[in-house]
Amino acid sequence: MRKERILAVIMSVLLALSILPMTVFAAETTVLDGKLKIHGIVAEGKTLSADFKEVNTEGMTEDDVTYLWSRKTLDDEAAESAGETPELKELGKEKTYTVTKEDIGSKIVLTITGKEENGYSGTLTVTSDEVVDAESGAAAEAQTEDASEETGEDQTTDEENTDDQQDSADSTEDTEAAGAETVDEIPPATSNDQQTEGQVTEEQPQEEQPEQTGEPQEVPTEDTLVKDDQMEDNQLTQPDDSAEGEDKAGTETVDGIPPATSDDTYPAEDGNNGTTEDPSNENPSNEEPSNGEPSNKDSSNEEPSNENPSQVTADQITIGENDSLTPEFSFVQDYTAEDATAAQKTVTFKNNSDTEVTLSVTASGDENQAATAVWAEQTDAQTNTVTVNSGATATLTITPVTGLGANANPYQQTFKVNNVNDPEAMMEIATITATVTVQDILHDLTPNPNETLDFATAKNGYSAVDAKTITYTNNGNVPETVIMPVSQSGNYEITTEDSLTLAPNGEGRITFSVRPKAGLAVGSYTETIKVATESGFEATTPISVAFQVIKDTATITKIQQPSAVSGLPNGTKKSASSLNLPSAVVIETTAGNMKAAVSWNVKGSSYRQSATDEQNFTVSGTITLPDGVDNDNNLNLATSIDVNVKAYSPKMASAENNTITGIDYNGVYTTQSKISFTAVGAGMDNTSPRKGDTRYEPKSWTVLNNTLGWDAAPYTASFGLAKSGDYTLKVNFEQQKYDGNSWQPTNTTDTRQVSFSITKANVTAPGANLTPAISKTGAVKTGDSTQILPFICILIIAAGAIGGVVFYKKKNKNK
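Residues -26 to -1, 1 to 789 in mature numbering (1 follows the signal peptide of the UniProt record, and there is no 0) are what the sequence shown spells out, letter by letter.
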């Protein structure tokens, strides 16, 4: 019995111990506390973000909460005043929100909710002021900056006075207390004033430290993709440490990396004894000043330097709102340097960081292949760099080069803008792709109407004939100066009130007024009058005219049927001139054949301009007898003409014209690069589609095993990669066909891809990896750091004890 009691007691103790972990496994969640604010100017076009400065929840980061941006209108506020709970319009769930024009006059509401899986719960809500327009926002921002500068100067003066008084009061206590005790066998620290030349400090054994390489200590174990929103919020922006964190930063040795000094630099290692020395120390030999007085230099009062380039992230360098990273230029062959200068485009970069940066621009491939890029405020012409102070801007001017010949494929030049404060990091800010198109010279003067100007027959002794007009349009790609046309026979008068200089591409037009001279004798007068330009070009279709003068009065006997018009392109405008209907028809008279003017009833025809099928229809008309011709036989002066319009030939987009721009083929990027690209689908520029037209709409893109899609334009995206290697970006295009009302998908798709490489970026801050990977899915955090292994061991022992007692009792019973 004694043995059984002892075993029972042991078993009870072990069972009690095994139950203890049950109370600590499930840690309580922390409720959000404090005051949430919105950072940014509440104006159209401005980007807002959450301000956590007055949120008191310990340990919480911006990734521990979810975000909900909403719009509160005046109606919503009225409903709240009435005691109701209005349903606010949801604007987004990202960390930031860009104010739109629709928000003007309303208020923006931000609600954050703690993620329970991260150990947080509860919500905080803040409502902004009323949203104003962009102009008012810019004025408010300017006033805020001015006020900040004045406040900053006042605070600096007050802080300096306060620091001087405090330093004077605390200097004795600090000097006596600093380093006055031994910690972990490290002797008390002595100031330079206390250590004389004759003093010797006993060397302490030091552990061998790993070599400091400046590269991140943690390397992702697999390929990971950082998407656009994660890139902006996580990859390119370092978290803002609290004041407490700033005081503690750099005060201990981590992984063999010595603590940072007050100027954010790392002390150089002495190869003799492993100790470190401060290169800024004015008394390296530790000798006392020659006057015997202690030095009053206090390094704690020195302001830390902001020259660490690794503190500047790519998203702190912003690009002008209306600036394009894909500038396009179009010229005609033999364009001049003046033409290239007039076509220049600029991209403005603003430094939003607290320190100056040096930006460089480099061209890929052959330099000056298509364009040049030069800083307007260039600091170093030899390296093409510019230094940009905090808050200042730099303008990059892109100029197409001259001497490029006409080419079926456009010329392209890619420029990379980098922050080169740290030559090892070479942080990429932006990639600019300039496209230059050069066309062959094309001359084209197109007449309207494209037919002979037939004047009505006149009786001998006529006084004047009504004029007819003809218009020439410059559809070529170069300007033209027209030489005033002249009738070589002298039988026709030609005048114009328009300028003889015509702009290209269908913008320049000139209208000529033509009529026969008065008093011409009996007879027929036909002539072709050429239209030429000063460049030597002659219009392929000259001015053709015809006029007849008869001797005496004649009688009409028949109206000849005009020739049918066929082969007109689909969509031809519904008018007599566009349908190429003749302005006169041939009539037979007792004095011979003559021409009589005709008026066509086009509006009453069955022709439909919007139809895509082939159309055959008839247009009726009424003739007007010329002077000197009578209708003694009472003939019906009606006529008609048959017209044929061809079926529509759909615009079939070719998959070969699907492209990916903004990313270099076989380009090389770093793990800090923000790679942006645009998918351009063939036929997507068809803004006036007709039934049967096709196009290719970008639908999705893939890198690694991550596939993301687009719902609508713009078809652009950005991403980053955390591991070096060779990669391929694939974009999937969906063919669509217009059914007369909307675009409908077909069963055809096309995939385009771009290969590129990622290299490891050198991070200058020890142990700081600015390119986070997408973490693998793991166990949910409970907020409890208790090691459960000992309790598991106790549980196993308890189970063994129970099994032993059961076995012992069975054995005794058997006996």
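Think of the hints as simulated: they come from the structure by calculation, not from any bench. Take these hints with a grain of salt, some might be off.
What the hints assert, rightly or not - Derived DSS-like pairs (lysine-lysine); straight-line CA-CA distance at most 27 Å:
#1 K547 to K625
#2 K697 to K734
#3 K69 to K27
#4 K784 to K711
#5 K442 to K324
#6 K532 to K547
#7 K324 to K75
#8 K69 to K697
#9 K711 to K665
#10 K665 to K620
#11 K734 to K711
#12 K491 to K504
#13 K11 to K324
#14 K319 to K442
#15 K504 to K525
#16 K548 to K442
#17 K704 to K390
#18 K20 to K81
#19 K577 to K620
So, going through the hints one by one against the coordinates:
1. The straight-line distance between the Cα atoms of K547 and K625 is roughly 19 Å, inside the 27 Å bound, and the hint therefore holds.
2. Using a Cα cut-off of 27 Å, the hinted pair K697 and K734 holds, with the two alpha carbons roughly 7 Å apart.
3. For a cut-off of 27 Å, the pair hint linking K69 to K27 stands: about 16 Å separates their Cα positions.
4. Restraint check: the Cα-Cα separation between K784 and K711 comes to about 83 Å, which exceeds 27 Å; the hinted pair is violated.
5. Between K442 and K324, the direct Cα distance comes to roughly 61 Å. Violation of the 27 Å bound is thereby established for this hinted pair.
6. Of the pairs offered as hints, the one joining K532 and K547 is violated, with about 31 Å between alpha carbons and a cut-off of 27 Å exceeded.
7. About 24 Å separates the Cα atoms of K324 and K75, which keeps this hinted pair within 27 Å; it holds.
8. This hinted pair checks out: K69 and K697 have alpha carbons roughly 25 Å apart, not beyond 27 Å.
9. Restraint check for K711 and K665: the C-alpha separation of about 8 Å stays at or below 27 Å, so the hint holds.
10. For a cut-off of 27 Å, the pair hint linking K665 to K620 stands: about 14 Å separates their Cα positions.
11. Of the pairs offered as hints, the one joining K734 and K711 is violated, with about 45 Å between alpha carbons and a cut-off of 27 Å exceeded.
12. Proposed proximity of K491 and K504 is supported: the alpha carbons are some 18 Å apart, at most 27 Å.
13. Annotation: proposed proximity of K11 to K324 holds, straight-line Cα distance about 26 Å (limit 27 Å).
14. For the hint pairing K319 with K442, the CA-to-CA distance comes to about 46 Å; that exceeds 27 Å, so the pair is violated.
15. The hinted pair formed by K504 and K525 fails the criterion: a straight-line CA distance of about 31 Å is larger than 27 Å.
16. Restraint check: the Cα-Cα separation between K548 and K442 comes to about 21 Å, which is no more than 27 Å; the hinted pair holds.
17. For the hint pairing K704 with K390, the CA-to-CA distance comes to about 22 Å; that is within 27 Å, so the pair holds.
18. For the proposed pair K20 and K81, the alpha carbon gap of about 14 Å is at most 27 Å, so the pair holds.
19. This hinted pair checks out: K577 and K620 have alpha carbons roughly 19 Å apart, not beyond 27 Å.
Violated hints for the displayed structure, listed by number in ascending order: 4, 5, 6, 11, 14 and 15.
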